[in-house]
Amino acid sequence: MATPVGAAVVVVGGGVTGLSAAWWLARSGVDVLVLDKGVIGWEASGRNGGGASHYHSPLFHEEQRLWPRMDELLGYPTEYRRERVIFALTGSDLAAYRGMAAEGRRLGYSVDDLDPKEVRALVPMASEANIGGVHLHYGGQANPQRTVQAYAWALQDLGGRIAQHTPVTRIVEAGGRIVAVETARGRIGLDALVVAAGPQTGMLLKTVGVRLPLGYGRAEMIVTEPAPLMRIGGVDGNGLYGRQTLRGNLAFGGGPHEWIDLAADGPVARPTSPLTRNLARRVAELMPGAANLRLIRSWAGVIENTPDGRPVLDRLENPANLVVATMSSVGFGLSPASGHAIRDLVVDGRCSFANLDKLKLSRFETVGDDWLEVRGWLPPELAQAPAAP
Amino acid sequence: MPRLTDPSALDGKLAPPEEHAEVLVVGAGPAGAAAAIEAAKRGASVMLVDENPLDPQLIGLDVPLLYGGRMGGAVQRRGRLVEQLLAANPALEEAIERGVDVRLGVTAWGLYLNGPALRALPAPMVGLADEDRSWMCGFDRLILATGARDVALGFPGWDQPGVVGAAGLHALLQRYDAFTGRRIVVLGSGELAVATALMIQERGLEVVAVVETLRRPQASSGSLARLKAAGVPVLTGQTPRRAEGGRDGVERLVLSDGRGRETTLECDTVCLAFGQAPAIELLSSAGGLSVPDSRRGGHAPVLQGWATSLPGVFTAGDAAGLTRSEAEAAEQGRQAARQALGAKAAGRPPAGADAWAYQAAWFEALTRDVDPSLMVCQCESVTRGDLLEVRAPRYLGEPAAPAMARDLGSLSADGPLNQDQVKRLTRAGMGPCQGRRCREQIALTLAQASGAAPAAVPLATYRAPVRPLPLKIMADWNETSAMTDGWEIWFAIPGQWSAYDDIGTEREFVTPFGGEA
Chain A
1 MATPVGAAVV
11 VVGGGVTGLS
21 AAWWLARSGV
31 DVLVLDKGVI
41 GWEASGRNGG
51 GASHYHSPLF
61 HEEQRLWPRM
71 DELLGYPTEY
81 RRERVIFALT
91 GSDLAAYRGM
101 AAEGRRLGYS
111 VDDLDPKEVR
121 ALVPMASEAN
131 IGGVHLHYGG
141 QANPQRTVQA
151 YAWALQDLGG
161 RIAQHTPVTR
171 IVEAGGRIVA
181 VETARGRIGL
191 DALVVAAGPQ
201 TGMLLKTVGV
211 RLPLGYGRAE
221 MIVTEPAPLM
231 RIGGVDGNGL
241 YGRQTLRGNL
251 AFGGGPHEWI
261 DLAADGPVAR
271 PTSPLTRNLA
281 RRVAELMPGA
291 ANLRLIRSWA
301 GVIENTPDGR
311 PVLDRLENPA
321 NLVVATMSSV
331 GFGLSPASGH
341 AIRDLVVDGR
351 CSFANLDKLK
361 LSRFETVGDD
371 WLEVRGWLPP
381 ELAQAPAAP
Chain B
1 MPRLTDPSAL
11 DGKLAPPEEH
21 AEVLVVGAGP
31 AGAAAAIEAA
41 KRGASVMLVD
51 ENPLDPQLIG
61 LDVPLLYGGR
71 MGGAVQRRGR
81 LVEQLLAANP
91 ALEEAIERGV
101 DVRLGVTAWG
111 LYLNGPALRA
121 LPAPMVGLAD
131 EDRSWMCGFD
141 RLILATGARD
151 VALGFPGWDQ
161 PGVVGAAGLH
171 ALLQRYDAFT
181 GRRIVVLGSG
191 ELAVATALMI
201 QERGLEVVAV
211 VETLRRPQAS
221 SGSLARLKAA
231 GVPVLTGQTP
241 RRAEGGRDGV
251 ERLVLSDGRG
261 RETTLECDTV
271 CLAFGQAPAI
281 ELLSSAGGLS
291 VPDSRRGGHA
301 PVLQGWATSL
311 PGVFTAGDAA
321 GLTRSEAEAA
331 EQGRQAARQA
341 LGAKAAGRPP
351 AGADAWAYQA
361 AWFEALTRDV
371 DPSLMVCQCE
381 SVTRGDLLEV
391 RAPRYLGEPA
401 APAMARDLGS
411 LSADGPLNQD
421 QVKRLTRAGM
431 GPCQGRRCRE
441 QIALTLAQAS
451 GAAPAAVPLA
461 TYRAPVRPLP
471 LKIMADWNET
481 SAMTDGWEIW
491 FAIPGQWSAY
501 DDIGTEREFV
511 TPFGGEA
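Protein chains in written order, with our numbering: chain A, 1 to 389; chain B, 1 to 517.
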């Protein structure tokens with residue numbers, strides 16, 4: 001597309017959060033432009049586990065309300081399916097899952113406790129050694145890649161614009177307001193700015209003196225060839241998160257992350273490690289019926305985390321036309337609701353459906369500059385390089 | 001003050017490799033065997049791995065070559081195949097005599113080196129697997145001699161048994177002695193096609209014809225003279241319109257001269273011999289740089305001498321850029337071994353014919369007026385029409401009428417077309433063959449739809465494992481206790497899963513359930 005010169009609202013970041021926000025804004029008739037440094041959904045938004053069961057979040061009820069309607073609202077398939085089965089091989093896992101179920105019930109949602117036989121009835125590939133689980137009649141899972149594109153296409157259908165390959169280098173402030181962003185394709189004027197740039201959110205905010213402390217982690221997943229479809233595709237346990245795609249593939253992640261240094265232009269590479277084998281083991285343990293399936297790909301994503309692991313969804317007091325949005329490593333499933341919240345913050349100044357006071361940026365004012373060292377969120381020290389022969 | 005480490009981070013959890021080689025060579029073809037022998041001569045301890053004889057199920061999946069369902073029961077007899085591979089490759093015997101640790105039936109499925117976004121490895125290592133298990137092997141120097149892949153371009157009916165690649169056919173005939181076809185049509189008329197046709201004839205099988213879509217045959221006059229002397233018919237200006245067949249696959253190939261005249265060739269096998277590409281999967285999966293280089297056969301490694309962009313990793317033979325002869329590949333292997341061991345090395349990959357120009361000409365001819373039901377991705381049943389329309393997969397049902405038409409044209413208006421993006425939307429290339437049979441066709445489709453040169457379409461990513469291996473084989477059944485004890489489902493940040501209402505209360509750090517992300 002031709003280089004845009006301005007928009008009423010500019011959203012920096014074409015991930016799920018930014019695209020959902022832009023779609024919600026466009027639904028309200030706002031002239032909105034999404035800028036992405038590369039291709040939309042290319043980072044963690046398009047490479048995550050697809051889960052949509054975030055009972056801990058203030059956006060939870062809105063997440064649960066919206067997901068069953070998203071295909072219809074967007075006009076494109078997200079592959080969303082409701083429900084989730086989580087089952088355990090150990091007593092401590094089972095206690096955790098039952099606790100999660102209790103929290104779901106407390107919030108007004110339906111959950112069944114499952115005995116081992118009931119687990120195997122729902123998950124034929126499940127281990128005979130399973131000791132039971134839970135069946136959530138809410139939550140569920142969607143296809144991240146398809147969902148990102150669905151937001152983008154739905155946004156364009158409403159007249160919203162997306163400029164790919166347009167990295168933002170600087171935010172421009174004048175007279176106490178944000179007035180523009182500088183991009184690799186020139187300056188773009190705006191009335192309001194949403195920064196939802198994933199790992200790069202902090203760096204961009206720094207250009208106008210706003211401090212958002214973030215650590216950057218790389219997490220890994222694997223996927224198998226298709227298996228026969230289970231009645232419920234959202235199945236996990238054994239330290240894994242994941243899903244069966246509607247095609248039948250088993251996609252799972254979990255386990256150790258690696259803290260990394262982030263280049264100014266974002267993640268340049270997303271390598272996987274031999275952790276692939278540990279993930280393969282846990283999938284085979286959880287579902288021995290899947291042990292003969294072929295592992296066909298591994299991949300990794302780079303995700304930002306705030307010091308408390310919780311989002312920042314905040315329209316600042318100064319500059320007052322700036323909304324900061326990071327979901328702190330848990331953004332995909334909540335995206336229908338986070339976009340709605342951001343739309344509300346931009347248009348109305350406050351969220352219409354949830355109290356977001358605990359997600360304000362100001363809570364990190366007392367976090368020291370050495371917080372990454374203090375938390376041990378630093379990249380690994382390199383092992384000694386091998387001696388040349 | 002001692003450095004603090006996040007207990008649920010990867011640091012210290014990955015085991016050191018189970019074994020180690022000073023020089024590890026992947027691929028025991030002419031380049032790899034010569035490299036291993038040269039390194040052993042120079043006093044290095046050398047391990048040489050080769051995935052042949054392959055798991056017969058991989059051959060059935062067309063991994064790593066296009067075998068086209070034309071393998072006989074002989075591929076099941078691994079013991080006999082090992083003897084045959086040794087007999088067919090005298091260099092292996094020499095390697096063993098020189099003390100090289102030769103491992104046949106061992107697949108290299110992953111390459112791992114520390115870099116900007118991965119620092120947790122205790123050492124550079126390669127993932128290996130045999131028919132029972134997988135393990136990691138460390139190395140000081142690695143030489144990738146992984147050869148060439150088949151380039152497949154489809155026509156109606158190509159998705160049935162009997163359509164093989166030149167490399168797949170070569171492997172079944174020469175390495176396995178397990179090819180079941182008898183009457184073969186060879187597509188293409190370059191040096192690869194001529195060599196393939198002559199090999200087929202030497203083995204006592206019939207070459208029905210060599211077929212060229214262009215007006216002139218492409219090989220040198222010397223090669224064409226040998227073909228003529230062998231009595232092989234060369235049909236030019238002829239393009240396959242469809243392969244017809246029955247229960248056992250291809251029975252005939254119908255050609256068109258582009259002016260409405262059709263010719264039918266009775267055959268049981270159609271061999272795609274219009275192209276091969278350097279097999280750069282391992283290199284690329286580890287972040288090794290490649291460049292579009294049509295004269296080397298496609299995307300080829302960035303080289304300094306025989307060194308790749310990855311420290312300690314070298315490459316030679318067809319994997320570095322298509323070679324013209326086995327002797328040339330062997331000499332490259334020796335030079336790469338010298339360079340790997342710090343000696344002066346010479347040579348560079350040869351500049352061959354313009355591979356993409358030739359493949360694009362074939363692709364244009366094969367897709368001219370072709371029905372959009374032409375199958376492109378066999379694993380995921382994605383047709384040419386699906387690709388052009390960027391259609392969501394069929395298991396999602398009929399799409400609602402969108403507010404705007406979406407196709408490769410509208411997608412390219414948003415930015416240069418990218419195979420990984422189209423793959424995510426259509427699933428083309430996402431199946432168990434890991435995109436081997438369709439990646440070049442998809443790239444050429446994107447180039448065609450957007451008017452871009454084939455070289456301008458970015459390489460679709462390769463990811464470990466670069467062979468589709470079963471979970472039970474891939475699994476690390478002896479993981480470190482640090483891995484077991486430190487395993488968390490997500491980042492394990494205290495309070496991340498606390499109920500929102502509890503934040504700021506005395507319950508804030510009491511309630512977390514270790515829940516799902």
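Hints in this document: simulated from the structure, not taken from any laboratory.
Be a bit skeptical, because a hint or two may be false.
Cβ-to-Cβ under 10 Å is the rule here; a few derived chain A residues that face chain B [as the list claims (entries may be wrong)]: (1) Pro4; (2) Val5; (3) Arg27; (4) Ile260; (5) Ala264; (6) Leu275; (7) Lys358.
Estimated spans, in silico, between C-beta atoms of each pair [as the list claims (entries may be wrong)]: (8) Asp31(A) x Ala453(B): 45 to 55 Å; (9) Ser481(B) x Ala129(A): 47 to 57 Å; (10) Gly189(A) x Gly237(B): 28 to 38 Å; (11) Asp112(A) x Pro494(B): 23 to 33 Å; (12) Ser381(B) x Trp371(A): 31 to 41 Å; (13) Asp420(B) x Val347(A): 45 to 55 Å.
We put the CB at the ideal spot given by N, CA and C, even for glycine.
Do the hints match the structure? See the list:
1. Pro4: Interface hint status for Pro4(A): violated (13 Å vs cutoff 10 Å).
2. Val5: 18 Å, violated
3. Arg27: 13 Å, violated
4. Ile260: This hint holds: Ile260(A) lies near chain B, its Cβ roughly 5 Å from the closest one there, short of 10 Å.
5. Ala264: Since chain B brings no Cβ nearer than about 12 Å to Ala264(A), farther than 10 Å, the hint is violated.
6. Leu275: 7 Å, holds
7. Lys358: With Cβ-Cβ at 5 Å, under 10 Å, it holds.
8. Asp31(A) x Ala453(B): 45 to 55 Å: This hint is violated: roughly 37 Å between Cβ atoms.
9. Ser481(B) x Ala129(A): 47 to 57 Å: For Ser481(B) and Ala129(A) the Cβ distance comes to about 21 Å; the hint is violated.
10. Gly189(A) x Gly237(B): 28 to 38 Å: 58 Å, violated
11. Asp112(A) x Pro494(B): 23 to 33 Å: Since Asp112(A) and Pro494(B) have Cβ atoms about 30 Å apart, the given range 23 to 33 Å holds.
12. Ser381(B) x Trp371(A): 31 to 41 Å: 51 Å, violated
13. Asp420(B) x Val347(A): 45 to 55 Å: 35 Å, violated
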